[in-house]
Amino acid sequence: MNRHFFISAFFLALIFLTDTKSQELINAVSARNGGIVLKAPASRGKSYPTKVGAWSPEALVDGLEHIGWCSKPNTPFPHIFIFELSETYQINGFRFNNQCEKYDGDYTAEVAIELSDLSPDSGFSFVFTTKLVENAGTTWHFIDEKPARWIKLIIKSNYGNPEITELMEFSALGIYKNPEEPIVNISGVWKTTWGNVNVWQTGTRIHGCYEYNFGAFEGGIDRRNVMFRYEEDWKEDEIRGWGLATLVVNAETNRMYGIFGYENNLKEYGFWNFVREKPEPDACPGVTFPEQVKSEILGTDYGMLEDQMRKSGRIILYGINFETGKSEIKPGSEDLFISISALLKNNPDMRISIEGHTDDTGEEETNLELSEKRATSVKKVLCEKFGIIDERISVLGMGENAPVADNDTEGGRAANRRVEIVANR
Numbered sequence: 103m104n105r106h107f108f109i110s111a112f113f114l115a116l117i118f119l120t121d122t123k124s125q126e127l128i129n130a131v132s133a134r135n136g137g138i139v140l141k142a143p144a145s146r147g148k149s150y151p152t153k154v155g156a157w158s159p160e161a162l163v164d165g166l167e168h169i170g171w172c173s174k175p176n177t178p179f180p181h182i183f184i185f186e187l188s189e190t191y192q193i194n195g196f197r198f199n200n201q202c203e204k205y206d207g208d209y210t211a212e213v214a215i216e217l218s219d220l221s222p223d224s225g226f227s228f229v230f231t232t233k234l235v236e237n238a239g240t241t242w243h244f245i246d247e248k249p250a251r252w253i254k255l256i257i258k259s260n261y262g263n264p265e266i267t268e269l270m271e272f273s274a275l276g277i278y279k280n281p282e283e284p285i286v287n288i289s290g291v292w293k294t295t296w297g298n299v300n301v302w303q304t305g306t307r308i309h310g311c312y313e314y315n316f317g318a319f320e321g322g323i324d325r326r327n328v329m330f331r332y333e334e335d336w337k338e339d340e341i342r343g344w345g346l347a348t349l350v351v352n353a354e355t356n357r358m359y360g361i362f363g364y365e366n367n368l369k370e371y372g373f374w375n376f377v378r379e380k381p382e383p384d385a386c387p388g389v390t391f392p393e394q395v396k397s398e399i400l401g402t403d404y405g406m407l408e409d410q411m412r413k414s415g416r417i418i419l420y421g422i423n424f425e426t427g428k429s430e431i432k433p434g435s436e437d438l439f440i441s442i443s444a445l446l447k448n449n450p451d452m453r454i455s456i457e458g459h460t461d462d463t464g465e466e467e468t469n470l471e472l473s474e475k476r477a478t479s480v481k482k483v484l485c486e487k488f489g490i491i492d493e494r495i496s497v498l499g500m501g502e503n504a505p506v507a508d509n510d511t512e513g514g515r516a517a518n519r520r521v522e523i524v525a526n527r
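Taking the numbering used here, the leading residue of the sequence shown gets 103, the next gets one more, and so forth.
Treat the hints as calculated values from the structure; they're not laboratory data.
Please note: incorrect hints may appear among the correct ones.
[As the list claims (entries may be wrong)] For each label pair, taking beta carbons as the anchor points, the in silico distance ranges come out as:
id	residue 1	residue 2	range
1	Glu370	Ala238	25 to 33 Å
2	Thr478	Gly415	19 to 27 Å
3	Glu370	Lys233	17 to 25 Å
4	Thr232	Glu486	52 to 60 Å
5	Ile277	Asn509	35 to 43 Å
6	Arg412	Phe228	54 to 62 Å
7	Lys148	Ile182	12 to 20 Å
[Unchecked claim] With a cut-off of at most 30 Å between alpha-carbon atoms, the simulated DSBU-like pairs for lysine-lysine come out as follows:
id	residue 1	residue 2
8	Lys279	Lys432
9	Lys380	Lys487
10	Lys475	Lys248
11	Lys447	Lys475
12	Lys279	Lys380
13	Lys279	Lys487
14	Lys487	Lys428
15	Lys432	Lys482
16	Lys413	Lys447
17	Lys428	Lys380
18	Lys293	Lys279
Quick reminder that beta carbons are idealized off the backbone N, C-alpha and C, glycines included.
Produce the complete structure using the sequences and hints provided.
Right, dumping it as structure tokens:
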């Protein structure tokens, strides 16, 4: 029998396990985790590739409670949403935020949830129906764990408003059904929101280029989760603009979906949808790249790393991955270590500090200890396997004290769990 109970936002910290725990519950419908709004009712607002629009379907699952979803005026019930997850999850909880005070009676009342692991058009099974509390903040509805690749949310009624219905936030919590899957290969040409993107992958390291604004990027992949730093010519001066992107590869490895922000802001984001065109990358055909960008893409095997170091004095090493709560480096990062060692060997006077970073979940003291152990593991590989002199490298555990993104969102926390190399000047 399903267990049905509500808890307040105060207990949210007991649900989201930390970087130091062995398991983490994931909001499977969030774009930050590869969730896609596959079907939605007529809505008052619209989202764009560069931002989430207020009162749009995407605003229902954006993790931000100051904007939400609103029906198009005079649209009849039921209002039906279908969300496609990046892969099959074991779902065990749902979150609703029904606090919208602008118009009388527009709060969502009766809702129903159905799940399918067969297709977006069939195989749905009824899970529960409930009446949400009028103008209530964060509440949860827990169920016995069930598999799902598609989630159907049905809004059946509101509290009496004759024209519109609102719901500020919806989340579905679960874990991967197959958590031990290996890292997938995403090399190839991908058709995206911003034109074709060419991706090269070796182990956990990825880099690539795209035609839009002479874009180039460098990053890493862990299982199906992609994180990279991109650069583009969208600034008016000679300094290239940059930002962070977090994407999730779907189970079929033919789509990546996620978000991008400007510089380190992942709270306000745009959408980046990748559909694989072919498995081998091109060389950004039809584009004459500036010399600076050529060195990032086509130069030495450490070209973009060296460019980051030259510009900012530090490099974010997405692609060196760790098991949750552990300091042992997971397999697959050999190519990235080759590039780091090449950078150091070709700059023999360079001394560096390796910094370990965590998000802000968990105890601060534990995070500091874990981040230092991870930095030490990276130094050990560089010294013992690649012959870098010990005295050239120092280590520092920063814990949660130097975030590159907000810790209020899942994408921001993922960006903050990282290793950096900093030049000692």
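Status of each hint after checking the structure:
1. Glu370 to Ala238: 25 to 33 Å: holds (26 Å)
2. Thr478 to Gly415: 19 to 27 Å: holds (21 Å)
3. Glu370 to Lys233: 17 to 25 Å: Violated - the Cβ-Cβ distance for glutamate 370 and lysine 233, about 33 Å, lies outside 17 to 25 Å.
4. Thr232 to Glu486: 52 to 60 Å: holds (57 Å)
5. Ile277 to Asn509: 35 to 43 Å: violated (21 Å)
6. Arg412 to Phe228: 54 to 62 Å: holds (59 Å)
7. Lys148 to Ile182: 12 to 20 Å: holds (18 Å)
8. Lys279 to Lys432: holds (21 Å)
9. Lys380 to Lys487: violated (35 Å)
10. Lys475 to Lys248: Violated, because 37 Å separates the two Cα atoms, which is more than 30 Å.
11. Lys447 to Lys475: OK: lysine 447 and lysine 475 at ~24 Å, within 30 Å.
12. Lys279 to Lys380: Holds. Lysine 279 to lysine 380 sits at ~28 Å (cutoff 30 Å).
13. Lys279 to Lys487: This hinted pair is violated, its Cα atoms lying about 36 Å apart.
14. Lys487 to Lys428: This hinted pair holds, its Cα atoms lying about 21 Å apart.
15. Lys432 to Lys482: Holds, at roughly 14 Å.
16. Lys413 to Lys447: Satisfied, since the Cα-Cα distance of roughly 19 Å is no more than 30 Å.
17. Lys428 to Lys380: violated (36 Å)
18. Lys293 to Lys279: holds (28 Å)
When held up to the earlier numbered hints, the structure conflicts with 3, 5, 9, 10, 13, 17 and fits the remainder.
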